[in-house]
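*Asks:* Please arrange chain B on chain A, whose structure you already have, making use of the hints.
Listed below are the residues making up each chain.
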Amino acid sequence: MTATIELSGVSKSFGPIHAVRDVSFSLGEGEIVALVGHNGAGKTTLIKLMLGLIRPTAGTVRVLGEDPATGAAAVRTRLGYLPENVSFNPALTGTETLAFYSALKRAGRGQVGGLLERVGLAGAADRRVRTYSKGMRQRLGLAQALIGQPRVLLLDEPTTGLDPASRRDFYSFLDELRAAGATILLSSHALSELEGRADRVIIVGRGVKVADGTLDELRGIARLPTRIRVRLAPDGKDHAERIASRDAGWRPVNGRTLEINAAPEDKVALLRSAVADGIPIADLDVTPPTLDELYAHFQDTEGQDTEGQDTEGQDTEREAGR
Amino acid sequence: MSTILVIAEKEIREGLRNRWVLATTLLLATLALSLTFLGSAPTGNVGASALDVVIVSLSSLSVFLVPLIALLISHDAVVGEMERGTMLLLLSYPVARWQVVAGKFVGHLAILAFSTLVGYGIAAVALAFTGGDIGRESWAAFASLIGSSVLLGAVFVAIGYLVSALVGERGTAGGIAVGIWLVFVLVYDMALLGLLVVDQGRTVTGGMLNVLLLLNPTDAYRLINLGGSAGAISGMGGVADIATLAPAVLLAALVAWAAIPLAAAIFVFSRREL
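Residue numbers (the working numbering), protein chains in the order written: chain A, 5 to 326; chain B, 402 to 675.
The set of hints was computed from the structure by calculation and includes no laboratory data. Mixed in with the good hints there might be a few duds.
Computed from the model, here is a short list of chain A residues facing chain B with C-beta under 8 Å [to be verified]:
{"no.": "1", "residue": "Y85"}
{"no.": "2", "residue": "N89"}
{"no.": "3", "residue": "F92"}
{"no.": "4", "residue": "E100"}
{"no.": "5", "residue": "L108"}
{"no.": "6", "residue": "A111"}
{"no.": "7", "residue": "V133"}
{"no.": "8", "residue": "Y136"}
Footprint (simulated), chain B over chain A, 3 or more residues, beta carbon under 8 Å [to be verified]:
{"no.": "9", "segment": "30-36"}
{"no.": "10", "segment": "93-99"}
{"no.": "11", "segment": "255-261"}
Ideal Cβ positions, reconstructed from N, Cα and C, are used throughout, including at glycine.
Only chain A is shown next, with the shape it has when bound in the complex (with noise of 0.2 Å):
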């Protein structure tokens, strides 16, 4: 795995405020990364780091193996960005608006209409970004940022204000670009629906790096316990005893439902002892920690460690994030 983004010990203040410190990671070709934190937690300014748009305090940042404020400015030919909100100016229409995107790539104004159709717009292409509803601009940003394959995407919630259905097309452009090989990075903080979408996950905190990993990682990590439920046929209900004489944690949620919050070392001798012995089962759920659970546990690990640190500097970006 070639790494197309490398952080190594990344600060970045503005006056007192300690947007970021001390940031180290790398993504690699055909990864979809999802950075995820609260609001002000660090996210955009690492993203303008990448860009080059702001310089870090300390550290280095490398993108494409250039560092992007002071490199070739050639290197952004291959990169793509949607900004977390998306202006364009509205006199052009949607087809201006891409071709000139495109000739600043020299990608030449053949991909526009192709682009356009692609993200829906194809219809809305020779109106001005003015009529656009926010849905479709934000729509033509995903479509400016795929100008020209670029290898690297970073996206700033790219799908805020998607709806369902552009979502799902959304993420179904994500997979095709990795399977090219780009390394995809987006922000966000709607957790669940990256879920299953994102190949590692890293998580922010009031500008530090909390936790870094594929999901199934950091639920080793966190050692959050995966919920199990049984439900009993209908005529297996003195069953229920059974199953809860085995193991103190199984408590009933009705008289043929019963629970447990099992350890992840313990699941599988769990999931054994409950369907063992021909008890008569009619449904089984096994709901493993959710992102969100996730999430917040990180979160909360981190509050506690740096408590009573830096608190000034934390409690304004947090009035900044509310």
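*Replies:* Using the frame of chain A, we list chain B on its own:
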């Protein structure tokens, strides 16, 4: 180079779309035409060429109008795009910041040049059709009027960019632009005139006056257009005689007045964090 042209083209397209080009061209044409025909009444008596009279009136008008138009279209260039959020996206493209400023400069200058050429050109053509008999020298002076007006516009476009790159809000940029316009177009000359009257030629020598005139781009512009054959019928003739500045020096001053603020704007913008 092509990146600069792409940005310039977008700037021109936006200017056409939001009617800036149309509005400035119409404004300049209307004023030029009315000056031409209302102002041509006395020409027979003084024996000056009709076009010379138009040149004098038009250059007096341009001194006020061209800087105003230039500042209006330029003060918003950097800070406005930052506020609207379009700058963030633009800079994520393979575009150097100096190219952004240079591209906008080329685009805005093209808009100004088009408006001036068409607006004033209409007046000259109309005059040629109705009045006839215009000497070659007058035509040359008229061409120089258009050229120097565009150059004056370039100066104030560059100054507008510098303001735009320095401030944090559009409103501030607008306020400062108005202030700059007042100083260069009105206050400076009044102060200079006051100084000359009070001084009575004791300390302010011809050389010093030269420097003082070059320190204001609008004065350099006035001297270019009022120093020649048209100068005899303008109030500036007297000053032009004392201040012995060759046209080349005046032109160089205007070019410097455009180049230095432009370079400063690029420098400030390049160091700015978004």
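*Asks:* Can you list which hints this structure breaks, lowest number first?
*Replies:* 6, 7, 8, 9, 11
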